[in-house]
Each structure stands twice: as structure tokens, then as C-alpha cells.
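Full structure from sequences and hints, please.
Letter by letter, the chains look like this.
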Amino acid sequence: MAAKTNTLQSGKQSEQTIQTIVVVIGVVIFILLMALIVYPSWTLIKTSFTADKQFTINNYVELLTQKSTYTVLRNSLFVSLLGAVGATVIGVLVAWLLARTDVPAKRLWQTLLIVPYLIPPFIGAIAWVYLLGPVGFINKFWMAISGSLNPLFVIYGKWGIVFVMAIYSYPIAYMVNLGPLRQMNPSLEEAARISGASIGRTVRDIVLPLMIPSIGGSFLLIFMSLMANFGIPAVIGFPDRYYVMTTKIYLTILNYDNPNNLALSAGLSMLLVVIAVLLMQVQRWIQKGKSYAIISGKSTQPQLVALGRWRTPAVVFLSLLVLGAVIAPLLAILLTALMRAMGVPLILDNLTLRNFAQVLFELPKARRAIFNSLGLAAGSATVIVFVSLIISYLLVRLRIKGGQVIEAFVLLPYAIPGTVVALALILAFLKPLPLINVSIYNTIWILVVGYITRFLTFGVRSINAAFEQVHISLEEAARISGANFVTAFKDIVIPLIKTNVFAGWFLAFIPALTELTLSILLFSVNNETLGTVVYGLHQEGKVLMTAALAFVVTIIVLVLNFITNRITKNQMGF
Amino acid sequence: MAELKLVNLEKSFGDFKAVRNVNLTVKDGEFVTLLGPSGCGKTTTLRMIAGFTTPTGGSILLDDVPITSVDQKIFLPPEQRDMGMVFQSYAVWPHMNIFQNVAYPLRFKKLNKQEMQEKVMHVLSLVKLDGLAERMPDQLSGGQQQRVALARALVMEPKVLLLDEPLSNLDAKLRESMRFEIVELQRRMKITVVYVTHDQAEAMSMSDRIVVLHNGKIQQIGTAPEVYQKPANTFVADFIGMANFIPCTVVEISGETARVKLDDGTEDHFLICAITSTHQKVGEKAVVVVRPEYVEVLPYQGTGGTRARVLRQTYLGDKSDCLLELGTVQLRANTQTNFALETGQEVSVSFSRPILLDIEE
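Here the protein sequences line up with chains X and C, keeping their order.
Mapped onto our numbering, the consecutive letters of the first sequence carry residue numbers 0 to 573.
Mapped onto our numbering, the consecutive letters of the second sequence carry residue numbers 3 to 363.
By construction, these hints were calculated from the structure, which means they are not laboratory data.
Where hints are given, some of them may not hold.
Stated by the list, open to error - PhoX-like, lysine-lysine: derived pairs with alpha carbons at most 25 Å apart: (1) 489/X to 115/C; (2) 489/X to 112/C; (3) 130/C to 175/C; (4) 321/C to 489/X; (5) 192/C to 75/C; (6) 192/C to 121/C.
To be verified - Over the 12 Å line for every Cβ pair with chain C, so calculated as not near, a few chain X residues: (7) 51; (8) 116; (9) 197; (10) 238; (11) 314; (12) 359; (13) 403; (14) 437; (15) 468; (16) 471; (17) 481; (18) 538.
In this text, all values refer to a predicted model and were calculated from it rather than measured experimentally.
Don't be surprised by glycine CBs; every beta carbon is placed ideally from N, CA and C.
Below is the structure:
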């Protein structure tokens, strides 16, 4: 009996040993995260208070007394605010039409209207330059039919930025509001109708007020992401010398003539961070006020509003949206990519595949970028998945204390504008690393660090969800059946979280593949990425090659998203 | 032989004592139910038996061998306890078919394919799932998933079968028929069962003995008639079945009975009650418990019985539920359906089988 007791104890011990190992790895990861997230943040703050190696507030004094600071701040707020308003109005309207009305072909709209969310915003901006640039397709067509010598509308400048921001951000508002609109208890509306309110009055008096938390939340989400956006104002703002916070920080970092450029850009970054943090607080506050009692979680079948004579306008609106946000931009990129030369008439004889061959096989930096981006994205996504597995296990299964702190750290590099993250990484890793005395600045490794910290939250979120889905009793049922801790994990947990782990890998892989904001500041020769090369070719005016590469990137992203969707939908019914 | 013994079992979460000093012996082949409201410690106790929760004090013995002992630092992991368990959520693995689910515990026994196949098929027929072996769990109804969970727990012929509110997710009709099926299986396999529920009807219809738990403490252990007819305290009396509580003062004690004066605002209303605990003293306050079916209601004839007033009568089909006002207390009584009463009507009540209990602090 004594011998038996011993083996019994060893069983328990092995479980504890494994959990101890997990916790130790977790601690190591946590320390690494602190080093990669907290240290750069600290360096950024320190730099903003440093001039001539001395503590000073002069950087802030200089920034706050410069008129240009207020100009870019105002510009940022202007385009982000209007862009977010536009995106929210479009997104909520689309969500309402698809969730609560009898608009036809819902499936088709649902698929098409999500596409703008998948296209990298800077590529969307470039596409619209092809359409509404001074020699864009639409302007040329207009001049041809009207005989006018002036283009119809040139997209460069603030209104162009607002427009492109709105049509590439509305899917966020659409996605956030679709669920609540679908789940809203239909008897709330029926009660209004039986009290004598028309459909319009019901929407105005009941639906909209109930949706305010959700609509407000999506508006702030879009507003924050637009404040942080770099690609759109860079592509559409630079030709018109219209600068916002992110592009101003970018230009200040690159302004090597000013010896204090990094400190000044750090100061500007801090301003942007303060705004971002304030917005995040407002968002959290709105979310707290959300009444879950009214919008029930169960899916009910709400009565669909019959559109009647509004049916045609609704279809026209959705069609225009698909045309403007999906079909026209993609077609513009494809046609530009197929053209033999700039400015030639659009006839079959002038079409060629040479541009594709050129970017894929001949242009060395484009070829490097393809390999670099694939490697960077795959490598980062793989590291992210493994780190996320450990973090999620600690958070969800072991419910360790201080889990929320870890989650906050993981979210930080994504919540803060990418331009600021890139600057913090530059400042932190400019000098050689201690102990090994090697600098990762100007190498591919600083991009690796940037991608991992920035997209880690995607991995953690999807694997958290995976662990939460696998109820603990499933693991316990295996244990009581005779499986030990390791066997139960292998037989039950891993098969059940597998799909979410793959999904998490793709969720990190896809944005990393087309990343621009960090990469444009962190890349170096031989370490180009797809984002930096597409952007660089565009700035150099190499229109045909830009279009060809942009088209390839867009197709890759759409295909990857399709694959991810298939994987997650094939999940077992849980 | 599989006898399960809990000795001074305790579990605290920080300051909160979930289970306090639980002592219980489940005899070989016995069906014991842990019954109590949510948060009473019944599930925590069951999880300590299964080995999912480590107690903070006491020990658990299976056939006199300690499988958990805080003092001896013994803690047998769940997979080595030779127990089967049915979870409230069924916990049927969604990525395995029914056969694979049920066969899983046999993977850890040295069996050849043939034996495994036979055992699984046998237990599937026991739970009436013949022919569904190749199905996936999401193709089964809730009741069928429940049977899969039961089959999986039984397939390795465990020493002890643990069931954690297994029927609470089923609809009422199915729940009732499953009760009898589970008991029938248990009798046939002569298996020791610990069953957790908050449903008193379930407990009473299935168990050899019921353990009533409240605030982590055992309130009473007994057969169904014992806990119903001789509740150990007002909690048990209130939790199991319906009960009227009438405050009283003990006047006289003689052997197994006591004479009490009811403090119901009426004058000189005396009653002879059965005594359940020994420490009641003359002159002290206590409580009389009377079940509604032992309150007899008759038309008031001017004399005899005690006068009460009808507050309302509710028709329930097989009987009527009557709310009465007797002095300062309200009473529930069951009456015949053909005995119609009017609100405000005066009636005469008399009690049978009253029980004297301590006042709960």
C-alpha cells in the first residue's frame, strides 16, 4: 500500500511540475514583454524630456509654442472626426439594412461589404489616387466627356483623406453594430408599434436610443484607429502638403537636419498618446454604461422591416458602396497594373502582364520584400501563437493573479498609434543591447520585435477564446476516465483549441504581411517589407509597378482571409 | 466492495468555509445523495471525492485506503481513483464520436480491441444508445448526450460513480424517467453512488440515504422518510417539503413528547409534540413544525379545535392549498377539493404529527 501511495503522489507531482514549468515560462515571457514594451515606452517618455543629454521641458515648450503643432493636431482631429462620422453613419445604416430590413440578397452584401476591412488602407488610398488623382481614371473620363481641361475633383488634401478614411473604416461600425441590432429584443419595438408609432418613429424613438452605446463605441473605435492611421494621410496628404500627427511625427523623425528631431518627435508622440489614452477611457466608460438587460444575448428572430418604396434606394446605396469601396478601387489597381505605360489609352493592345513579371521576378527589392514579409509575418505569427498559448493558459486556466496587468501590457502596443510604437522602438534599440553589445537597429530583428509586440494581442485574444470555449469539465471528464494531466491535454484540449490556434496564427499573420506604419520607420536596405516597397514605389512615382505589387498583395490578403474563414467555420459545433 | 469514507473533511477558499467538518460513510452499493441549495458545499464535496479539489482539512478513504489526506499529504490524482463521473454539462467531447467518447476510459486499461468493443457496446445498450455509436455528439439530443456521459462513467466499472446534478439540464418529463433508469442501473451494477442535487424530489425518489447540507455543514443524514418526518432542524424542515412554523414555549417534557403553548396570539393553545433533540428545556422558546397535509380544516361549529380565518384557497387539481390566519401566524393547509371555503370564513383547525424544533440562530 505504501508503494501505491507513492505512485499516487508522483502523479500529482508531475502535474504540479508541469504547471510550475508553465508558470516559470510565463514569468520569463512576462519579463521579456516588460523589456520589449515597458522599456521602449520609458525611453520614449525620457527622450521627450531630454535635450543635450539633460532633463528639460524645452521640447514641449517648443512644440506647444509652434503654430504647426496646432495645425497638425487640428488636421488630425478634423480628418479623423469627419472620417469616423462618415464611417459610422455608413456602417450603422448598412448594419440596420442587413439586420432589420427585407433588403434582398443579404448574403451577397454581407460578403462584399466586409472586403474594404481586409484591404490595407494605404493600398485603398493608392487605388483612389488612380481613380481621382489629377490623371485618375474618373478625372480623365470626365475631361473626355465634358471637354473640360480641369479634373472633376482631385483627391489630394483633407476631403480626400476624409473620404478614403470613411469608406475603408465603415466595416468596423457595421460589424460592431450588426450583432446588437440582430439581438435586440423585438418586443421592445413591437411595444412601440402597438402604442401607435410608425416604423420611422420606432427607429428614432426606440432603436437608435437603445443602440447609442454600441454606435458610440464603434464611433470611438474608428476615431482612435483613424487618429493612428499613417497610410491614408501619407498617400493622400503629402502631395497637398497636408499633414496630420502621424505623418508629422514621421517627417520629424526623418528630418535629420534638426539635431533635436528625435526628442521633438517623441514630444509629438506623447501628445498623440495622451489623446489616445483619453479616447480609450471614454470608450471604456461608454462600454460600462452598456445595458445588457435590454439587448439580450439570445438570438431572437426580429420582425423585418418591409422597405417598400425604399427598397430601390437601399439597393442603390449598397451597390454604390460596393462599387466605391471594393469594385472601382480593385479594378483601378488591376487596370493600372496591366497597362503598358502611363497615360496610354485603355485598349486591349495596351494591356500587358510585364509589370507583374517585373515586380515579382526582376525588381530586387520587391523580391526581397516578398520573402522578408512572408518570413517576418510567418515567424512573428508563430512566436505569437506560442507565447499566446502560455499567456492564455495562465490567464484562463490557472487564473493567475495580475492577469489583467498582463492583458493590458499585451494590448498596449496595439492600442498606441503604430508610428509612436516605431519611434519608441527606434529610441530603445538605437544603442547596442546590453550584455551582448549588438544593435538590432537597422536589422530585420527590430521589425520582428515590432511585429510580435504589436500583433500579440490578436493571438492572445483568439487563444483566450479557445480556452474559454473548452469548458474545464471536458478536461476533468478525461482525468476521471483515467487520463493524466498531459494525456488529457493532448487528447482533449489540443484537438479542441486547434482551429482557434490556427485562426490566431492567421489573425497575426495577415496584418503583419501588409504592415506599413511600423515598417516604414524600422526598415532598412535589404530589410524591406511589402508595405514599405509598395509605399516607396508609389512615392517614387513608379505607378505601374506599384499597382502590380499592390494587386498581388491584395489578392494574397483576400485569399488568406478566405482560408481563415473556412478554417474557423469548419469548427465543430460548440 | 467499495466503501467511501469522508473524515472531518474541510475546504476553505480564503476566509470562506465552503465545507466544514463533513463526516460521512457511503456503504458499498449504496446510493447517497448530497442535497442542498446552491452554495451549500455539495459540489465542492463531490469534487474533493473526485480529486479535482484539494481539501484544506480531513481525509477521504476508499475501502479504508486514504486517497486524500491532508495530514498524510496524500492526494491521489483523479485518474487514479477508479471513479466515474457524470458532469452537469455532460462534458461529452465534441471532437470524438459516441463510441470514442465511451471507449476513452478503456484506453487506460489493458484491453484488446475485441474486449473494448464488447464493453462499449454492452454499456451503450445498457443506456439504450444501441446503434448510435458512430454519431457525433452534436447529432444527439440533450437527453442522449446525458446517456453518453453516463455510459462513459460506467464503462470501466468504477468503484464509485459520482453524479453532479446530471438531470438539471433536461426537461421535466425526461428528468423523471432518467431518475428511475439511473437507479435501476445502479441496482443492477451494484455500484456505490454519490449523487449531488438541489432537487428534493430527485433526492427522495432515488437515494438510499440523503445528506442535507447547508452552509458547508451536514444538517442531517437519513432516509427520505426520516428527513421528511423527523427533520433535525428548521432548515431541513423548510428545505424538504412544505412546513408551517409556529413559535411556542415548552411547558412540560415527558419522554419522547413535550407539551407546548403556541405563541400564536390565541389564548391557551396547547399541543403535544414529538421531540427530535434532547436539549429542549421547560420554559424555553421553541418552534413547532406542522406539514400542510397534517393541518385538518373543518367548518367552525362554535366549539372544538382552534378557530382560524380563511385568507384564500387555491385549487390545485388533486387538492386545494389553503392559507389561514390563526391569531398572529399564517398557516398553509391542504384541503379536499370538494371542501370549498370562502375568504374570511371561520374554520376550525387541528394539527397532527407536530414536531418540536429548536429556534435557529
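Non-interface claim for residue 471/X, where every Cβ of chain C lies beyond 12 Å: With a cut-off of 12 Å, residue 471/X comes too close to chain C, as the shortest Cβ separation is near 9 Å.
Interface-negative label, residue 116/X against chain C, beta-carbon threshold 12 Å: Label holds. Min Cβ-Cβ 30 Å, cutoff 12 Å.
Interface-negative label, residue 481/X against chain C, beta-carbon threshold 12 Å: About 3 Å separates residue 481/X from the closest Cβ of chain C, which leaves it inside 12 Å; violated.
Consistency of the no-contact label for residue 51/X, given chain C and a CB cut of 12 Å: holds (55 Å)
Non-interface claim for residue 238/X, where every Cβ of chain C lies beyond 12 Å: Consistent with the label, residue 238/X stays out of reach of chain C, its closest Cβ about 55 Å off (over 12 Å).
Distance restraint between residue 489/X and residue 112/C, which requires alpha-carbon spacing of 25 Å or less: holds (20 Å)
Pairwise hint evaluation, residue 121/C against residue 192/C, where the allowed Cα distance is 25 Å at most: holds (17 Å)
Verdict on residue 468/X as a residue remote from chain C, using beta-carbon distances over 12 Å: violated (10 Å)
Given pair status - residue 489/X, residue 321/C, alpha carbons within 25 Å: Violated - the C-alpha atoms of residue 489/X and residue 321/C are around 57 Å apart, more than 25 Å.
Whether residue 197/X stays farther than 12 Å from all C-beta atoms of chain C, as the label says: holds (41 Å)
Residue 403/X non-interfacial with respect to chain C [C-beta, more than 12 Å]: holds (19 Å)
Claimed clearance of chain C by residue 359/X, with the beta carbon kept past 12 Å: Answer for residue 359/X: holds, closest chain C Cβ roughly 41 Å.
The structure is inconsistent with the numbered hints 4, 5, 15, 16 and 17, although it conforms to all the rest.
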